[in-house]
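Please build the complex by placing chains B and C on the supplied structure of chain A, with the hints as guidance.
Listed below are the residues making up each chain.
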Amino acid sequence: MSPARIARRRQNRLAASGALIEIAYVVGLSCACCLVCAIAWFALG
Amino acid sequence: MTVKPTLDDVKLVLSYTGKVVIGVAILLVIPMLTAIAAGEWDCLVYFALSLGISLSIGFLLAALGATDRKAGWMHGMVTGGFSWIVVMAVAALPYWFSGHYLSYLDAMFDVMSGFTTTGLVLIQDLDHVATSLNMWRHLLTFVGGQGVIVLALTFLVKDSGGGYKLYVGEGKDERLFPSIFHTAKAIWKISLAYLAVGTLALWAAGIAIGLPVGDAFLHGLWVYMAAWSTGGFAPMSQNILYYHSALYEGITVVFFILGSFNFALHNAVWNGNRKEIVKNIETASFATTMSLLTLVTCWGLMKLRVYPDLAALVRKGFYQLASAHTTTGFMTIYPRQLANEWGDLAVLAMIVAMLIGGSACSTAGGFKGLRVGIIWKALVQETRKLLKPGSAVFAQRFHYHGEKNLSESQVRSAALIVIMYVAIFFFATLAGCAAGYPLLESAFESASVTGNVGFSIGVTQAAMPSFLKVVYIFNMWAGRLEFMAVLATFAFIAAFFRRKQA
Amino acid sequence: MNHGNIARRALLYVALAFGILVGAGAEEDGASPARVGAKALIADPRAYDGREILFEGEAIGDPMRRGDHAWINVLDADAALGVYAPLSDLDTIGAFGSSRAKGDIVLVRGIFHRACPDHGGDMDIHATSVTIVQPGHATPHPVDTLKLILVPVFIALAAGLYVVWRKREAAVKKDRWLS
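Residue numbers (the working numbering), protein chains in the order written: chain A, 0 to 44; chain B, 733 to 1234; chain C, 521 to 699.
Okay, chain A solo, but in the shape it has when bound:
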């Protein structure tokens, strides 16, 4: 396999893990907000 191809593959793997991290962050943030909703629900319900 040529060095260029290896480099491109590494780049793509890095990009894919980057995307997963972003998605994880967003899911985490959404869960935090759901927690805020839950707190509001139980505190004010």
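The set of hints was computed from the structure by calculation and includes no laboratory data.
As the structure is a prediction and not an experimental result, all values here were calculated from the model.
Some clues are possibly wrong.
Stated by the list, open to error - The calculated DSS-like cross-link candidates involving lysine-lysine, where the alpha carbons are at most 25 Å apart (straight line), are: (1) LYS743/B to LYS802/B; (2) LYS687/C to LYS802/B; (3) LYS802/B to LYS1007/B; (4) LYS1136/B to LYS1109/B; (5) LYS743/B to LYS694/C; (6) LYS743/B to LYS693/C.
Said to hold, decoys possible - Covered by chain A, per the in silico footprint, the following chain B stretches (three or more residues, Cβ under 8 Å): (7) 923-931; (8) 1002-1013; (9) 1048-1057.
We treat Cβ as the ideally placed atom computed from N, Cα and C, and that holds for glycine.
Chains B and C in isolation, oriented as in the chain A frame:
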């Protein structure tokens, strides 16, 4: 460029505008192919006609503007402003030919709404719209999100100096890479990669919730395009409520929040800089304001006992707020419910969320998190100065792709742009009241338009006064381009017609 | 005729009239819930929340099966509402509204919810019966001949202007090269 623009300056603007029009005209091939696949021959004809007319206009402008002069900053700015208006008029042709609009102004309104990724609609009978027309609607919002200029840059503009100036004119100033073409291509790569992932996810979800395979794919593609571009269009009149599905809603939340992030952030994280997503001032600002405003919204909803259980509070309260804060505009309630049921506190939280908006250099609108963060840091710095008089002035720092010092000019620039947003927000609110709408509703719709959000409280209708439609078009345009291009365009036109100084 | 007979007849008529009125009233209360449009439901949902209503409109889009029930979205003059019905109730619906067809006009009888607790707060109607009022039909969209004729006209115009553009670009570059 001298004080009074010369004919050569006008030519440059016309030339670039022509190229942008050509770029948009070529996009018409996509709905044409869709029409062929769907057997919509009447649509194919009017798309082909629109293609012919658009190309004619594009080639004419490019021919009139033929010049080999290099572009300056003014040209980039003015092209940004002017080309969006010309494209608005041209891209409205298929809408008008489809018969789903009561006036050409309505058709142009929907085009501007699509390109600016606002999402307010004046279309009639959306539930019976042709597949190819829905393709055009959602494509416009997807391309508008990336930036019409970015589209042109990728394919049509060969000179890189001019290219960068056009890019900035469209309201982006993040240079992902030294070469503007490299930057434009990187933006497309990220968008297309997520397009594949997101469409697949929504396609699968669509099938799981009971849609037939073909429709599940089309809806998935369209809803993804509207989510990523934080546009807020949907193929049916009930918007996301049509699907009655927490799964579908959940996937849209992920992609519309992602879409509201800065392209420079995506680029950084995709190149291995993982910590950036947490340390970046914009994501930090967004996470803070999202949490706070979610709390206020829930408080407002709980006070009035609007929702019967926690699940409903999340699926209606949090969803609508997240949709507003990212300036997406997806709704799982009816517009009038905001006015009739939500109560003033929750509606106010929504207005604030819509005005703050998403990240800079993204598809989102509003003041932008970066400016809110910068202004906040400046306030902190001022307070510290007040509390410790006489001691050495220390630099205030913030994290934005590395540690940066807060400079006076950054604060000034951020504050000025926020002031301009607030100014046009008041202007459109005033216009709404003048048209007879109640204050809170005018303010809500104005925030939605100015922040390119797309939430409606019920003001936006085909029956609303034409002058209000024009005001909203102006706010969508100015807000999306972040004023520089708009001011430059007006200054250019005024200077061109100004009489020569003696 | 004597007074006794007149009195008896009068009483008979009154009783008859009363009986008819009561009978009619009984029929109204027992059998027909209010017929409401989407506009009224959205404007004042609390007035109808939890009550049985009649809602009429066109079935649009696709039915979405969820277990032994399904969602259909029904569009009236103002807005479309989600209707959650048992699968068996939906067997009769043949046509759904799209760009190619007008869907069946259906009359839904069911309980309206302002913010349904079963469905995450959605405004919906849990149907107890769905009947077809008017079957749907295909909506043909013929090609507009005027537009069809204009297509080659404008394509030709565009082609001509393209040539003009390339020529002018070349001319401008030549000027610069020569000057």
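Each hint tested on the structure:
1. LYS743/B to LYS802/B: Holds - the C-alpha atoms of LYS802/B and LYS743/B are around 11 Å apart, at most 25 Å.
2. LYS687/C to LYS802/B: It holds: about 19 Å lies between the C-alpha atoms, which stays within 25 Å.
3. LYS802/B to LYS1007/B: violated (40 Å)
4. LYS1136/B to LYS1109/B: Between LYS1136/B and LYS1109/B the Cα gap is close to 12 Å, so the pair holds against 25 Å.
5. LYS743/B to LYS694/C: holds (17 Å)
6. LYS743/B to LYS693/C: Measuring from Cα to Cα gives roughly 15 Å; hence the hint holds.
7. 923-931: It holds, with 3 qualifying residues against the three required.
8. 1002-1013: holds (count 6)
9. 1048-1057: holds (count 3)
The structure fails hint 3 only (numbered hints given earlier).
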